[in-house]
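> If you want the building blocks of each chain, they are given just below.
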Amino acid sequence: MPIRALTGNEAMAEAMRQINPDVVAAYPITPATEIVQLFASFVADGLVDTEFVPAESEHSAIAACAGASSAGARVMTSTSSQGLALMHEILYIVAGLRAPIVICGVNRSLSSPINIHCDHSDTMGSREAGWIQIFAEDAQDAYDSTIQAIRISEEVLLPVIVSTDAFIISHSMQRVDMLEDNEVQKFIGPHRYPYSLFEKTITIGPLDLQDYFFEHKRQQIEAMWKSSPIIEKVTQEFAHRFGRTYGFLESYRLEDAEQVLIACGSTCGTARVAIDNLREKGIKVGLLKLRIMRPFPHLKLLNLLCHSDPDPFACHSERSEESHRTAQGRFCEGEESHIKLINVLDRSVTMSTMGGPVYVELRSALYDAPERPLLVDYIYGLGGRDIDVEQIIDVGLKGEQIIKKNKVEKPVDYIGLRE
Amino acid sequence: MPSLKELSKNRGLFTGGHRACPGCAGPIIINQTLSVAGPKTIFSLSTGCMEVVSTIYPYTAWGVPYMHVAFETAASALSGVEAAYQSFRKKGKITEKWNLIALSGDGGTYDIGFQGLSGAIERGHDFLYICYDNEAYMNTGIQRSSATPRGANTTTSPAGTVIPGKTQFRKNLTEIVVAHGAPYVAQAIPSSWTDFTRKVRKALDTEGPTFINVLSPCPLGWRYPTNKTIEIARLAVECKFWPIYEVENGEYKLNYRPRKEVSVKEWLQLQGRFAHLFTPKNEHIIGEIQEDVDRRWEKLLQKCKEVN
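In order, the protein sequences belong to chains A and B. Following the working numbering, the numbering of the first sequence begins with 1 at its first residue and continues without gaps. Following the working numbering, the numbering of the second sequence begins with 1 at its first residue and continues without gaps.
One or more of the hints may lead you astray.
Covered stretches of chain B (chain A as the covering partner; in silico rule of three or more C-beta atoms under 8 Å from a C-beta of chain A) [what the hints assert, rightly or not]: (1) 53–64; (2) 83–96; (3) 114–128.
Restraint ranges, calculated between C-beta atoms of paired labels, are given here [unchecked claim]: (4) A/Ile-221 - B/Gly-250: 51 to 57 Å; (5) A/Ser-172 - B/Glu-251: 52 to 58 Å; (6) A/Arg-4 - B/Thr-156: 55 to 61 Å.
If you are wondering where the hints come from, they were derived from the structure by calculation, not from laboratory data. All residues carry an ideal CB built from backbone N, CA and C; glycine is no exception.
Based on the provided sequences and hints, a complete structural model is requested.
What follows is the structure in structure tokens.
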């Protein structure tokens with residue numbers, strides 16, 4: 001398999017080239033522009049036979065994707081920040097239409113003030129739109145996840161956004177172990193979508209009033225439940241074929257950890273180094289990388305946090321809401337957890353004054369735990385402010401004090417901020 | 001041009017039982033369009049009257065494939081359908097010819113969907129965009145749009161004691177689309193069905209983006225009796241408020257020239273939305289509207305190389 005030095009954007013564009021979708025409709029935006037322009041060059045050079053629609057806005061780009069998908073095409077696009085925000089209206093519609101569209105996203109802050117650098121405000125801001133959300137840690141993760149996303153979206157009929165961190169991943173050169181073109185094609189298989197406008201006299205997007213709307217939304221929720229085993233199946237098949245394993249959550253040195261760091265995206269790499277450092281000082285810290293934000297893996301989280309189960313595929317109970325109910329009484333039985341404190345690293349805020357989105361959701365998930373650990377949220381890196389190893393080491397050192405006092409004095413704190 | 005008898009065979013592609021108001025011109029426009037377009041047609045609608053009345057789940061009035069995404073996306077969503085169509089044709093997955101038609105009201109065309117329409121025309125997608133222009137946001141309860149004529153009383157340009165209805169003249173969207181360089185652009189009216197259906201045929205036979213702006217009288221918003229729709233449509237053309245013409249590759253052609261002089265006043269007085277203009281205080285507005293209509297007509301005659 002070819003090993004290449006690629007930026008995150010190049011890795012995603014290469015994945016798109018190998019997927020060779022029927023239609024790509026896109027609009028340029030920093031820092032995702034490169035994905036669009038690389039793909040345009042693939043079209044111009046005949047490396048793909050995709051119909052490329054260079055739309056006049058992100059709103060039209062995603063609307064064109066909805067049209068093309070309803071016509072039975074395999075469809076992809078790419079965007080970031082204001083672009084994703086401009087798509088917001090149509091993101092919900094795409095999910096409601098159950099259109100399997102894949103976005104190669106780049107996480108960037110939202111205006112105002114205007115800023116082109118990394119935080120997770122854009123992607124987190126669309127987390128209720130009904131899309132499966134995958135936060136990639138590096139270019140390899142972005143490349144592999146993009147390929148997996150095609151299979152996942154088409155099997156469960158939900159759209160998927162795979163995103164990397166602006167500049168940190170999108171523009172930095174990394175080692176990417178690529179698959180052969182035919183391996184990708186074999187893995188994704190032919191496009192499957194049951195509702196082509198060209199094949200059926202069908203009304204797509206009707207007016208749905210009080211007597212049916214609720215049921216259709218319920219079906220969408222059920223699809224989100226059912227996406228979990230599909231995501232597992234696809235990632236397992238990917239691991240089996242190509243040797244790279246991904247989970248909803250990926251743990252690092254969690255086995256005997258008293259403290260856990262939870263983060264999304266590129267910060268996980270920095271956190272691993274900080275954890276090694278802290279371990280050398282005798283501080284028992286581990287990492288939980290939250291790779292899939294939607295569906296939120298609350299049962300897997302509980303399993304991992306209560307049992308420190310290192311196997312990312314360990315929890316198979318998210319088959320549907322039905323089995324969830326039976327599972328509820330089961331998890332966290334038996335051994336007592338060694339985890340005393342969870343430090344959440346949130347690269348966006350909710351403006352609810354209750355912290356960042358990962359913290360809020362984790363806190364909600366932990367309500368079901370028999371013994372809840374201490375919980376602190378650290379908001380960091382807004383607008384692309386760097387986070388370094390030392391700062392994460394500080395989080396671990398502070399954590400020791402919190403555990404000693406057995407009390408959280410500042411539930412929502414900030415890293416690297418001038419107050 | 002097929003006969004009326006032949007055209008009538010395509011009935012049923014848009015069935016009765018939809019919830020359009022009595023006297024609504026929208027379904028007439030859809031039926032006339034489908035009579036020439038036939039079953040191999042995909043419609044992309046914007047949110048609005050025709051979308052709302054024709055597809056209340058689990059029912060649909062559409063006997064052809066139909067899709068609706070949002071208010072401002074009739075053109076952009078259809079440009080995606082067209083891209084898929086081109087992709088499938090290239091790959092041999094589709095061999096038959098399909099008609100791709102976007103249908104939207106003036107709100108979805110002149111205002112919120114304007115950018116999407118402009119972009120889609122510039123990109124050159126092979127489709128027909130039909131605007132049923134009823135001159136206001138009728139679906140939400142008669143709010144002014146940029147297609148609402150000067151003086152009209154709408155719920156957001158009300159005829160008050162100080163401000164007598166809409167203060168601006170309407171946007172000339174047909175000319176804006178012509179300026180895009182679309183290969184075929186026309187204005188039409190449902191009362192002249194032979195002219196309109198011929199234009200639909202011509203637009204569908206033209207490669208690239210085509211546009212037909214159809215005036216669509218609305219009994220509710222214009223406030224006239226429901227049996228007067230066709231009469232009011234016809235009078236809009238006779239008084240030169242709504243000239244019917246076509247522009248083929250930049251060449252203008254006037255399709256109908258009224259034989260006798262009909263003043264705009266005669267058309268305005270049939271509609272309750274202009275009732276407040278017929279007072280001594282506001283009468284001057286009728287004169288202003290007439291001047292505007294005359295000016296636009298003169299310009300059009302020049303473009304059509306018609307001698308006045």
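> Decide, hint by hint, whether the structure agrees.
Taking the hints in turn, this is what the structure says about them:
1. 53–64: holds (count 8)
2. 83–96: Satisfied; 9 residues make the cut.
3. 114–128: holds (count 7)
4. A/Ile-221 - B/Gly-250: 51 to 57 Å: holds (53 Å)
5. A/Ser-172 - B/Glu-251: 52 to 58 Å: holds (56 Å)
6. A/Arg-4 - B/Thr-156: 55 to 61 Å: holds (57 Å)
In this structure, every one of the numbered hints holds.
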